[in-house]
Structure formats: structure tokens, C-alpha cells
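Chains as they are written, first to last, in our numbering: chain D, 1 to 271; chain R, 1 to 436.
One or more of the hints may lead you astray.
What the hints assert, rightly or not - Listed next, the in silico DSS-like pairs over lysine-lysine satisfying Cα-Cα at most 25 Å (straight line):
1. R:249 <-> D:36
2. R:107 <-> R:176
3. R:314 <-> D:112
Unchecked claim - What the simulated footprint calls covered on chain D by chain R, stretch by stretch (three residues with Cβ under 8 Å from a Cβ of chain R suffice, anywhere in the stretch; the number is not a length):
4. 32-39
5. 50-64
6. 125-137
7. 210-218
Quick caveat, the hints were computed from the structure, so don't treat them as lab data. Quick caveat: nothing in here was measured; it's all calculated off a predicted structure. Just so it is clear, CB atoms sit at the ideal spot from N, CA and C, and this is done for glycine as well.
So the chains spell out like this:
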Amino acid sequence: MNEAIAAVGGTAETAPQAPPGLKFVTRNVCVFYGEKQALNGIDLDITECEVTALIGPSGCGKSTYLRCLNRMNDTIDGARVTGSLELDGEDIYDPRLDVVQLRARVGMVFQKPNPFPKSIYDNVAYGPRIHGLVTGKAETDEIVHTSLAKAGLIDEVKDRLQEPGTGLSGGQQQRLCIARAIAVSPEVILMDEPCSALDPIATARIEELIDELRENYTIVIVTHSMQQAARVSQKTAFFHLGDLIEYGETAQIFTNPQDEKTQGYITGRFG
Amino acid sequence: MSDTIAETPTVMIPDQKDRIARRLGRRHAAEKRFRIYGIVAIGFALAMLAFLLTTIVWNGYSAFFKTYVQIEIHLKKDEIAPGGRIDRAVLAKADYQTLLRESLIEKYKPEGRRARRRLTGLVSIGAGEYIRDFVLANPSVVGTTQSIWVPASADIDQLVKGGIDRNLPETSRRIKNDQLAILTRWEKEGRVETRFNTGFFTQGDSREPEQAGIWGALAGSFFTMIVTLLLAFPIGVATAVYLEEFAPKNRATDLIEVNINNLAAVPSIVFGLLGLAVFLNFFELPRSAPLVGGMVLALMTLPTIIISGRAALKAVPPSIREAAYGLGASRLQVTTHHVLPLSMPGIMTGTIIGMAQALGETAPLLMIGMVAFVVDIPGGPTDAATVMPVQIFLWADSPERAFVEKTSGGIIVLLAFLITMNALAIVLRKRFERRW
Chain D
1 MNEAIAAVGG TAETAPQAPP GLKFVTRNVC VFYGEKQALN GIDLDITECE VTALIGPSGC
61 GKSTYLRCLN RMNDTIDGAR VTGSLELDGE DIYDPRLDVV QLRARVGMVF QKPNPFPKSI
121 YDNVAYGPRI HGLVTGKAET DEIVHTSLAK AGLIDEVKDR LQEPGTGLSG GQQQRLCIAR
181 AIAVSPEVIL MDEPCSALDP IATARIEELI DELRENYTIV IVTHSMQQAA RVSQKTAFFH
241 LGDLIEYGET AQIFTNPQDE KTQGYITGRF G
Chain R
1 MSDTIAETPT VMIPDQKDRI ARRLGRRHAA EKRFRIYGIV AIGFALAMLA FLLTTIVWNG
61 YSAFFKTYVQ IEIHLKKDEI APGGRIDRAV LAKADYQTLL RESLIEKYKP EGRRARRRLT
121 GLVSIGAGEY IRDFVLANPS VVGTTQSIWV PASADIDQLV KGGIDRNLPE TSRRIKNDQL
181 AILTRWEKEG RVETRFNTGF FTQGDSREPE QAGIWGALAG SFFTMIVTLL LAFPIGVATA
241 VYLEEFAPKN RATDLIEVNI NNLAAVPSIV FGLLGLAVFL NFFELPRSAP LVGGMVLALM
301 TLPTIIISGR AALKAVPPSI REAAYGLGAS RLQVTTHHVL PLSMPGIMTG TIIGMAQALG
361 ETAPLLMIGM VAFVVDIPGG PTDAATVMPV QIFLWADSPE RAFVEKTSGG IIVLLAFLIT
421 MNALAIVLRK RFERRW
């Protein structure tokens, strides 16, 4: 592990063993899309069982960083990631590591609700099925019900599990996507602007849900809404033009930012 | 509110309302004009289609009917069974055509060789088979005189159906006066009948129009299409999936893409030449066989399926792919569980178009010998066969008057085959369609 860090240079002394309670330890993360560099060496730690919010103006690289954490950037042609990203002390960009396993541990919820055009039941059961987590109908039923319950959707859909997931309202669809993500029992859930396509009431429900999920899951959320970041997160990281400008306790970032760019952004002077 | 506007100096166009109204009139007129163009074009196309179909049906429906005449025939025992023994093997081998000829000559006693030939030319040369079947069904009739319904010759058939005008002068009429006299007598005696032509759907090709059927070509087309579908669909879909979902985007794949697009525009006869050189001369596969025809047509259909398949795969929203990847699905799982099922309707549409094209294709099949005169019904994809468009072409090329209706009849059957095939594919496609 130390060797891996040494390889990126200079950070070997400054990166000791991950202290307990840190889920992700990332050092000097750079991302290139072809020739263009999108992230310029990000050092960021994600704390276990907390909500970490990534904020910043459009195109600042916060989604790019989020997508490094479960290697979703692999699916983009010409994307290249350098630096060290460790999940519980394991290098997630190790060629020997299977990306399928990583994504079972690090689930993701997207900006636009994207349920599969299948039944509600099949949407939730899909992940457990492909990973072989369930055998038989009884087990599948149970995992579907508990996942929908955790996502706060079960009361609304329990009588129509066989109806298509695409027939639900936007907010329900997004909670279905959360249920689908937690059905594979991940340790971390990444959320890429999960409420940007939803109305305020649906947003409030999702925020409540995030707060409940925090007990069992580590959550990283990208958001454009400063109020949302302030409401749901414990830690906040402010990105600007591919750099991590400031990272700290949410309360501190919003009340007493150290950097003037951060202050400018949260007070609405740019972004 | 309006007061404040009146007070502040704004850009005032003097007759704004009139100008807009005038402009609006022109816009509406343009729209109306365009709609009329569209309706006229569609109307014209529909009229042409109706004209085409009416012509084909008008010319072709008579191919589904056939004229039979009832002949009194003396089933001479010593000619049918010279040894005296009556069993199936002997009865099956006897020369009933000669018996029929002799019976006719005995009855009407024509003078001269030509008159005799004109007399015997009233019935089809396939009539012997009908008599044989009649005798085989009840062997006790041997030695008696029977009235048996046999098909008339093609000329008589045409005359009865009205294809030949009875009032023409004898010199310019294929049916001579003595033949016409006998026929008129038969008609008065009720010995002439037009029945449904089942033979057209159960027999292979023949030099005699009244004997020729489409079934051989239909079976040939069927086997060819099966081979084409079995080859082109899986290979085409796999290629589309590989290029769209798996292959890296670089020079090599760009080159392949350009080439596939160009292949779709290659004249079909070139594929025939390729089939001749590769499948027949190099691999020495059987000539005239639906197997090779299917392989050649598969090559021709592949670009259509690949191009439409890629378009359909591209049309699947990336959010679905992301959702599946995000759950930890592998690339193949993403493709087979989500992308492929969602793009299936589009792929099927491309396949329908490609298969319909292949069904109507003639040129490449000429190169690999499927233009041969094949009488036998093919029993499998390696038997010599021809296909429907080639059969229609062969009939259209034949000089006999009676082949005109066969040509149109063949086209009707080809269109029916096409509609059946497409309907089946559309039903299949509907089952794959999912609501978003």
C-alpha cells in the first residue's frame, strides 16, 4: 500500500495508515479526458457513515471526482485517472481489482431518475440477481421489500410491484433508484445531483431519506444547491476549476470559510 | 399598466397589426400549400399502387384456375397389363397417355397426321397421370370404358378462360376450326369445367404451362430465406453489438464502419460473383442450392442489419447503461440484459427490410446457378432449387401465351409470401417493444 502511494510521489510521508473512520482516502487524483485535464490533484478523505457534499460551479470537476470513486469514468472513452484512491486501504485502481466487486460495494444514484423499463420488483431485484446475492424467490422477495422499505417507497408501491418502474412519479422513481442501489448492500452510496430533476416536496423526501441512510451507509453527494448541502451533509468539499479549494465540517464551511473563493461561491457572488 | 406604456416612448410600428395579419396570411398559405403537395403526392402514389395491384390481380387470378375436360377412354386390358396380371406395379407403369390418344382418335377419326396431332393436343400431356391415378384408385375399371376428367392443354385452357378470342380468323388463332368444333361439342355436353388449380400450389416448374406450379420456387425461397436469416441475423446483431458496445473507437474501427456502410451500396450481382468464386469454386458447395443462395443473400443483407442495429443500439439512452454499470453489471450483462432488449424493435425493423430485399433478389442468384430449370420440389437446403423472383423471371421469359397469367400469379404468391413474412416479423417486434 505504501508503495502505491510512493509511486505518485511526494505523498508517502504525509499519508499514514488510514485512520479508523475514513472510508475513502484519495491522494493527488488527476483525471484527463483525452488531452483535457479535468481534475488537478485532489486530496480528499471521505468519512464513514457521514454525508460528504461536493459543491462548486458547473464544470468544476465534482461529478468527475465522484465518478472516480466507483470507476464509472472507465466507461467513458479516453478518460484517464492517475493518483491514489483507496477504499478501506485497498487501491481501487489496482488492475487486479474487479470493477464489478467495487461497484457492488460503492453504489450510485444518478441525476436523472433512470429506472430500467422493467417492473418495480425487477428493478430492485436486478442488482442482487447479477451478483448472485439471492437464491430463490423468498430471498429475492425479502431483499426487494427491505430495500424498498429503506428507501421509504414500500407503502406507495407494495400493491403494484409488477407494474413498470417507469410509471412512477419522478420522486418515486428516484427513490426506486436508491432502493435499487441499496439492494446490493453497498458500503458507500454516491449521489450525483439526485434532486435536481425533482420538485421541492420530492426533494425534501429524498433529503430525509439521505439523513436516515447515513446511519448505515457512507454517502457522497454532488449538489448544486447550497441549502441542500448545508441541510444534509456533515462534511463539505468546495471544488473550483478542477481544484479542491476547501474541505471541512459543513458548519464551518458555510459560516466561516477560509478561502475567499469559497466565500464568494456560497454567498452567491459567482457560480 | 397601459397608461404607463402609452407615456413611455417605445418603438411604435404604425400599422403593426395589419403587417402581422398580412404576414400571417402568407404563412398560413405556405403551410396549406405544403400540406396539399403532400396529399397530392400520397394520392398519386396510392393510385399507382392500386393500378399495379389491379393489373397483377387481373392478369394473375386466372392462374389459380384450370380447365378440365371429361374424356371417354377405353382402358384396354391388354395394353395396360400385357401379361394379364393386374397389380399396382404393372398399373403404375402403363402408358396411359397413348391409351388416351388412341381413344380420342378412335372416337373422332381425324384424317391425316396433322389433324390427329390437333385432336390429341386438346388435352394436356400430363393427362396420363390423372388416368393412372384413377386406375390405381380402383383397379377393377381395367378393361372397361370410363369417363375421366383430365386437364385440358394450355391453349384450350386459355380459350375457355377467354385468353384467346374465338372469333379471330382461323389463320391467326392457335386453336383451329376442327379443335374448336370438338370443344364446342364438349361444352354442350357439359364435359368442360374450370376448377381451382391446386396444382399451381403443389407442383414444380414445367415446360407445359398447364403443368407448371410455384411450389418448387416457394420451397426454394423458403429454404433460402431460412439460411439467410440464420446467418445474417446472429452475425449482424453480434457485429453491431461488438462495434457499438465493445470495440475501441480508433482508426481501424472507423475504417470498418466506412466499409460496412459502403457494402450496403454494392450492386447485388457483385455478391453473386463473390459467391460463385468463393462458395462454389473454392469451397465447392453444391450449385443451384438454397444453401449457397442463402449464404450469398446473407452477405448482402448483413450491412442492412448491422447499420440499423447500430442505430438502434445508439438510440438506447445512456442513462440505462449507467444505471446497470453503477450496479456492477459487466459489459456483457449491460448489453444482454438492457441494451439489446431495448434495441430489439429497431434491429427487427432493419432485419425485416433486409429480408424483404433478399426475398426479392434475383441477380446474385443467377450467378450461382439458381436460374436453372428445376422441376423437382427441393426437400432441403442442399437440393437444386430456384426462388420465386427467378421463377417469375423465367415464366415472363417464356413465349407461351399461358405463361403470362402464371407470371402474374407468381407475383401474387410472392407478394403474399412477403406480406406473411413481414406480418410475422412485426408481430414478433411488437412483443419485444417496451414502454419507456
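So, going through the hints one by one against the coordinates:
1. For the hint pairing residue 249 of chain R with residue 36 of chain D, the CA-to-CA distance comes to about 18 Å; that is within 25 Å, so the pair holds.
2. With a CA separation close to 19 Å, the supplied pair residue 107 of chain R and residue 176 of chain R stays within the 25 Å bound.
3. At roughly 19 Å between alpha-carbon atoms, residue 314 of chain R and residue 112 of chain D fall within 25 Å of each other, so this suggested pair holds.
4. Here's how the segment 32-39 of chain D fares: 0 of its residues keep a CB closer than 8 Å to some CB of chain R, so the rule of at least three is not met and the hint is violated.
5. Counting residues of the segment 50-64 of chain D whose beta carbon lies closer than 8 Å to any beta carbon of chain R gives 0, which falls short of the minimum of three for the stated coverage.
6. Residue count for the segment 125-137 of chain D with a Cβ under 8 Å from a Cβ of chain R: 4. That meets the three needed, and the coverage hint holds.
7. With 0 residues carrying a beta carbon less than 8 Å from a beta carbon of chain R, the segment 210-218 of chain D misses the three-residue requirement, and the given coverage is violated.
The earlier numbered hints that this structure contradicts are 4, 5, 7.
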